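**Q** What follows is each chain in one-letter form.
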Amino acid sequence: MGEVKLMKGNEAIAEAAIRAGCDAYFGYPITPQSEIIEYLMLEKPEERTGMVVLQAESEIAAINMVYGAAGAGKKVMTSSSSPGISLKQEGISYIAGAELPAVIVNVVRGGPGLGTIQPSQADYFQATKGGGHGDYRMLVLAPASVQEMADFVDLAFELAFKYRNPVMILSDGVIGQMMEKVVLPEQKPRLTNEEVIEKYGDWATVGKPETRERNIITSLELDPHRQEDHNKKLQAKYRKMEEEEVRYELINADDADYIIVAYGSSARIAQKAMDLAREKGLKVGLLRLITLFPFPKKLISELADRVKGFLAVEMSAGQMIEDVKLAVNGKTKAEHFGRYGGVVHSPEEIVEALEEKLIN
Amino acid sequence: MIIMDLKEIIKPENLIYTKTKNMTDNPLSYCPGCGHGTAHRLIMEVVEEMGITEDTIGIAPVGCSVLAYEFMNIDMTQAAHGRAPAVAAGIKRVWPEKFVFTYQGDGDLAAIGGNETLHACNRGDNIVIIFVNNAIYGMTGGQMAPTTLEGMKTSTSPYGRDIHSMGSPLKMTELIAMLPGTYYVTRQAVHTPNAVRKAKRAIRKAFEVQRDKKGLAFVEIVSNCNSGWKMTPNDANDWMVEHMFPYFPPGDIKVNGKLKI
Numbered sequence: 001m002g003e004v005k006l007m008k009g010n011e012a013i014a015e016a017a018i019r020a021g022c023d024a025y026f027g028y029p030i031t032p033q034s035e036i037i038e039y040l041m042l043e044k045p046e047e048r049t050g051m052v053v054l055q056a057e058s059e060i061a062a063i064n065m066v067y068g069a070a071g072a073g074k075k076v077m078t079s080s081s082s083p084g085i086s087l088k089q090e091g092i093s094y095i096a097g098a099e100l101p102a103v104i105v106n107v108v109r110g111g112p113g114l115g116t117i118q119p120s121q122a123d124y125f126q127a128t129k130g131g132g133h134g135d136y137r138m139l140v141l142a143p144a145s146v147q148e149m150a151d152f153v154d155l156a157f158e159l160a161f162k163y164r165n166p167v168m169i170l171s172d173g174v175i176g177q178m179m180e181k182v183v184l185p186e187q188k189p190r191l192t193n194e195e196v197i198e199k200y201g202d203w204a205t206v207g208k209p210e211t212r213e214r215n216i217i218t219s220l221e222l223d224p225h226r227q228e229d230h231n232k233k234l235q236a237k238y239r240k241m242e243e244e245e246v247r248y249e250l251i252n253a254d255d256a257d258y259i260i261v262a263y264g265s266s267a268r269i270a271q272k273a274m275d276l277a278r279e280k281g282l283k284v285g286l287l288r289l290i291t292l293f294p295f296p297k298k299l300i301s302e303l304a305d306r307v308k309g310f311l312a313v314e315m316s317a318g319q320m321i322e323d324v325k326l327a328v329n330g331k332t333k334a335e336h337f338g339r340y341g342g343v344v345h346s347p348e349e350i351v352e353a354l355e356e357k358l359i360n
Numbered sequence: 001m002i003i004m005d006l007k008e009i010i011k012p013e014n015l016i017y018t019k020t021k022n023m024t025d026n027p028l029s030y031c032p033g034c035g036h037g038t039a040h041r042l043i044m045e046v047v048e049e050m051g052i053t054e055d056t057i058g059i060a061p062v063g064c065s066v067l068a069y070e071f072m073n074i075d076m077t078q079a080a081h082g083r084a085p086a087v088a089a090g091i092k093r094v095w096p097e098k099f100v101f102t103y104q105g106d107g108d109l110a111a112i113g114g115n116e117t118l119h120a121c122n123r124g125d126n127i128v129i130i131f132v133n134n135a136i137y138g139m140t141g142g143q144m145a146p147t148t149l150e151g152m153k154t155s156t157s158p159y160g161r162d163i164h165s166m167g168s169p170l171k172m173t174e175l176i177a178m179l180p181g182t183y184y185v186t187r188q189a190v191h192t193p194n195a196v197r198k199a200k201r202a203i204r205k206a207f208e209v210q211r212d213k214k215g216l217a218f219v220e221i222v223s224n225c226n227s228g229w230k231m232t233p234n235d236a237n238d239w240m241v242e243h244m245f246p247y248f249p250p251g252d253i254k255v256n257g258k259l260k261i
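The listed protein sequences correspond, in order, to chains A and B. Residue 144 in this note's numbering sits at position 144 of the first sequence; the count goes up by one each step and never skips. Residue 211 in this note's numbering sits at position 211 of the second sequence; the count goes up by one each step and never skips.
By construction, these hints were calculated from the structure, which means they are not laboratory data. You can take every hint at face value.
Output of the computed footprint for chain A on chain B, the stretches with three or more beta carbons under 8 Å from beta carbons of chain A:
1) 54–66
2) 83–90
3) 109–122
Counterexamples of contact, computed for chain B against chain A with all Cβ distances above 12 Å:
4) GLU208
5) ASP238
6) TYR247
7) LYS258
Footprint (simulated), chain B over chain A, 3 or more residues, beta carbon under 8 Å:
8) 20–31
9) 50–58
10) 71–84
11) 87–101
12) 208–216
Bear in mind the structure is a predicted one, so any value in this text is a computation, not a measurement. All C-beta atoms, glycine included, are put in the ideal place defined by N, C-alpha and C.
Turn these sequences into a full structure, and let the hints steer you where they fit.
**A** In structure tokens form, the structure reads like this:
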């Protein structure tokens with residue numbers, strides 16, 4: 001077993017980035033995720049692995065530093081919280097359009113506007129439907145524990161490079177601030193410059209030798225037919241993600257009459273709610289989403305053939321519920337429950353909602 | 001007297017000047033008379049002459065030079081509007097041994113990208129910024145830029161720039177020269193053969209500053225926009241000398257980290 005530590009979720013992400021062999025982190029402070037850059041600055045990863053850490057002048061600059069460095073074939077990451085992620089949307093759209101690998105962490109807080117620094121899951125639409133301009137998708141991973149904050153960093157980089165696409169780790173203020181035991185991953189070596197050129201020299205801006213054509217990182221294509229072709233290529237990539245990358249955890253579904261669908265900290269609370277419901281004799285299962293895009297459409301559609309209803313539990317006024325309803329497609333009931341604006345629901349509230357909205 | 005026919009003249013051994021191989025054969029998309037083509041060529045010649053072609057990465061902006069990567073035969077990244085210095089900083093931090101430069105217009109660098117410019121200069125990011133200032137937004141059809149002169153008519157200042165409501169033309173180059181992170185700051189032009197030679201020497205010096213890891217090097221090139229200014233190329237150059245140079249005087253502003261003004 002690897003090194004075990006008691007850490008905040010934000011610290012675990014930062015340590016995992018160093019251990020994933022990340023080349024650079026560019027960020028800007030914002031609550032509730034500032035511990036990520038603070039931990040990295042304190043830890044001096046430049047001395048440990050050669051990883052660069054830079055505090056940018058804004059979230060906008062940070063995501064554009066990520067764009068530049070990712071386009072140059074390096075493993076780069078940024079993090080922020082909701083208002084800061086809004087500022088990054090233009091850059092994320094460019095990263096998706098130019099097909100670059102990058103990892104973006106959002107430790108979500110309540111909105112809209114400056115909102116609150118308390119936890120929320122109200123950035124689901126922004127994360128899963130594009131967020132910036134144009135037809136694009138990010139792969140979205142939703143950690144539900146400090147352990148997963150650590151584990152998903154390396155997974156996010158693997159997926160980002162596999163698809164040459166931005167990957168978002170969509171966390172929230174609960175998971176970011178909470179302390180738990182975490183088994184840290186082993187240290188992966190950073191790629192050497194020679195290895196970067198060997199692996200990504202066919203597309204990245206690593207300097208043009210005479211032996212090849214120049215590499216251009218751009219999302220611009222003025223010819224609409226070629227832009228449409230580029231979009232078709234992107235769409236094919238997103239369909240492939242939907243085929244191959246759906247990740248979830250299904251608990252107590254075999255005999256379930258009702259399924260709670262949740263992710264992140266809501267899934268932790270929903271698990272307790274499921275236990276309380278079972279004590280009452282209600283046959284309740286839990287579908288915990290790990291990927292939010294791609295979304296487990298097929299699984300929910302199959303479950304909809306045999307269960308009496310779904311309850312989407314999320315700390316928002318109702319965002320993920322739309323995807324649940326699309327997958328259920330009217331075959332059975334699908335309802336939403338969630339507290340929002342920074343309020344975290346209790347397990348008892350979830351059981352009450354189950355009974356009110358689906359059972360009684 | 002030796003008389004050569006055309007076939008003789010174009011023999012490789014008789015050529016006294018050839019286009020740098022760092023420029024592609026794509027036809028330039030710039031208006032005839034525009035300074036961008038000359039500025040492109042000078043940078044690419046310097047990169048070739050310094051033997052750093054394989055180690056140079058350029059950043060194309062939003063604006064007329066958005067397609068600079070079609071003309072410069074090196075690895076290039078196209079940046080979002082104003083963000084070129086941040087993109088360059090990102091690349092330079094992960095490839096510190098490479099040469100990284102941005103190529104930006106006045107709207108890109110001094111308006112929407114003012115913050116990125118200021119902070120890259122203040123950090124002393126070891127990059128070269130080439131700033132082509134023609135006092136107008138060329139690509140979008142001649143709107144007012146932060147560098148548009150007082151009284152100058154553009155499509156968004158049709159009665160002339162009123163400095164009381166629209167602000168004064170921004171001297172970004174003098175402003176960033178005040179920051180400790182900049183090591184070499186100069187203003188050049190490319191309207192005469194003599195100016196072109198001087199501009200090339202300045203660009204060379206800027207890349208040498210990067211090579212020697214001294215900090216940020218910033219080369220402004222005051223240029224024309226005959227289409228946006230609605231003038232013939234010659235008239236535009238004359239107008240530039242008469243009106244732009246008094247406000248944006250060519251010459252070194254900071255050399256070896258020391259202010260010259």
